[in-house]
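Student: Protein chains in written order, with UniProt numbering: chain A, 1 to 285; chain B, 1 to 114.
Bear in mind the hints are in silico, worked out from the structure with no lab data behind them. Remember, it's a predicted structure, so these values are computed and weren't measured experimentally. Possibly wrong hints are sitting among the right ones.
Stretch-level coverage of chain B by chain A, calculated; a stretch enters the list once three of its residues show a Cβ under 8 angstroms from a Cβ in chain A [claimed, not checked]:
1) 19-27
2) 72-85
3) 90-98
Ideal Cβ positions, reconstructed from N, Cα and C, are used throughout, including at glycine.
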Amino acid sequence: MGDVSYVKIDLTSNLFCKCTVVIINTKITEMSSQISTKEKLLYILDDMELIAKELIENAIAPKHLKLSGPEYAQLTELLVAKDEELKQTLKLAQKQADIEEKMDVLRLEVERRDKDINQLQTKLKEAEQILSTAIYQANQKLQSIHRANKRPVSSEELIKFAHRISASNAVCAPLTWQQGDPRRPYPTDIEMRLGFLGRLSDPINGHLLQQPNNISDLHRLGGPATGDIPASQQNQFAWLPSGEIHMSVGGQGSVPVETRNHKQETEDVEVMSTDSSSSSSSDSQ
Amino acid sequence: MDSNNESNSDLQKRMTVDDLNIEILPVFYEIIKSVERDHHDNTAKTRESQDCSQKVLELQKRFDQARSQISLLPGIDYSKEQQLQHLEALKTQLHLKQELLYKYRFMYPFQMQK
Numbered sequence: 001m002g003d004v005s006y007v008k009i010d011l012t013s014n015l016f017c018k019c020t021v022v023i024i025n026t027k028i029t030e031m032s033s034q035i036s037t038k039e040k041l042l043y044i045l046d047d048m049e050l051i052a053k054e055l056i057e058n059a060i061a062p063k064h065l066k067l068s069g070p071e072y073a074q075l076t077e078l079l080v081a082k083d084e085e086l087k088q089t090l091k092l093a094q095k096q097a098d099i100e101e102k103m104d105v106l107r108l109e110v111e112r113r114d115k116d117i118n119q120l121q122t123k124l125k126e127a128e129q130i131l132s133t134a135i136y137q138a139n140q141k142l143q144s145i146h147r148a149n150k151r152p153v154s155s156e157e158l159i160k161f162a163h164r165i166s167a168s169n170a171v172c173a174p175l176t177w178q179q180g181d182p183r184r185p186y187p188t189d190i191e192m193r194l195g196f197l198g199r200l201s202d203p204i205n206g207h208l209l210q211q212p213n214n215i216s217d218l219h220r221l222g223g224p225a226t227g228d229i230p231a232s233q234q235n236q237f238a239w240l241p242s243g244e245i246h247m248s249v250g251g252q253g254s255v256p257v258e259t260r261n262h263k264q265e266t267e268d269v270e271v272m273s274t275d276s277s278s279s280s281s282s283d284s285q
Numbered sequence: 001m002d003s004n005n006e007s008n009s010d011l012q013k014r015m016t017v018d019d020l021n022i023e024i025l026p027v028f029y030e031i032i033k034s035v036e037r038d039h040h041d042n043t044a045k046t047r048e049s050q051d052c053s054q055k056v057l058e059l060q061k062r063f064d065q066a067r068s069q070i071s072l073l074p075g076i077d078y079s080k081e082q083q084l085q086h087l088e089a090l091k092t093q094l095h096l097k098q099e100l101l102y103k104y105r106f107m108y109p110f111q112m113q114k
């Protein structure tokens, strides 16, 4: 392209060289398939303009400067050939416009596929996240199942434990509660002593150093003694009229268990009984 | 600006080879004919020369118009070979994307696990 403009400027006055330019242009357009059709068309137009200009100049030039017959005829033929080439190239352009239409359709299709792929990828990513969360949770559950399998707990023990919890943490007394029933809505002294804190303050037992590792162990330790509470109402604990509780220890007789404020406890019992009666009355209402 | 752009793109869409006005030879022929016509009358000569210069201007205008119209033709930014290559590339792209979609769709046959 640079060659063309250079030659055009340089050779405006020299017909021979102009013809050379035209021929060079022609060779460029014919030989190089890299040149776009648009450039090719513009080259041909440049050539035609150049030839036309030269022919018109020749027509109005003085006689001694005019071209010879064969040269003139050659130029005219070249112009006609260029015109023909222009028309051929325009046909090519028409074909290319058709191809462009097809390409537009294809481009639209590709764009639509792109959208679909993007959508699918987003959904797959979401699914992956959900699945990985589910797998993580399932793994956790499996781990706890393994843990549970390693140290199985009998259902009876569980139910006893549940009873105990509901007995010692209830808001009001159970319906079957009667005077003399050692069950309380709070941990009793015996339970406290059996518990972790009771052992902490008991230096004789040496539990300061050998503390159970976790609370479940503690419950386990306390379980058999406390779990039997409903059944051992007559056996292990005896409610004495004096208000003291006696606990039987391995058939060695009963050991008096100090209840610090047994008077207050009896008051509590009364309060509890009134509570239950009031609640039942409110229920009946 | 937008309306200009729109009108330009409309023109680009509508411009086809049939719409082009690239008839150079007839105008050129007219010019040569009027130059070579020999007039005896001076006034006729002057008129003819004015007419001739008008036609030369018209020829120039025709060239410029042809150039601007050619730049509006669609799909001629590449040679035909290059354009065909692009077309092939697009077809391959579409095919690959289609395959990818197919793969995605049937990647996890959940219904097979029943």
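Student: Work down the list of hints and note, for each, if the structure agrees.
Tutor: Hints, one by one, checked against the model:
With 4 residues having a Cβ less than 8 angstroms from any Cβ of chain A, the region 19-27 of chain B passes the three-residue criterion, so the hint holds. Restraint check on the region 72-85 of chain B versus chain A: 12 residues with Cβ-Cβ distances below 8 angstroms, three needed, restraint holds. Only residues whose C-beta sits within less than 8 angstroms of a C-beta in chain A count toward coverage, and the region 90-98 of chain B has 6 of them, enough to reach three; the restraint holds.
Consistency with the previously given hints is maintained throughout, with no hint failing.
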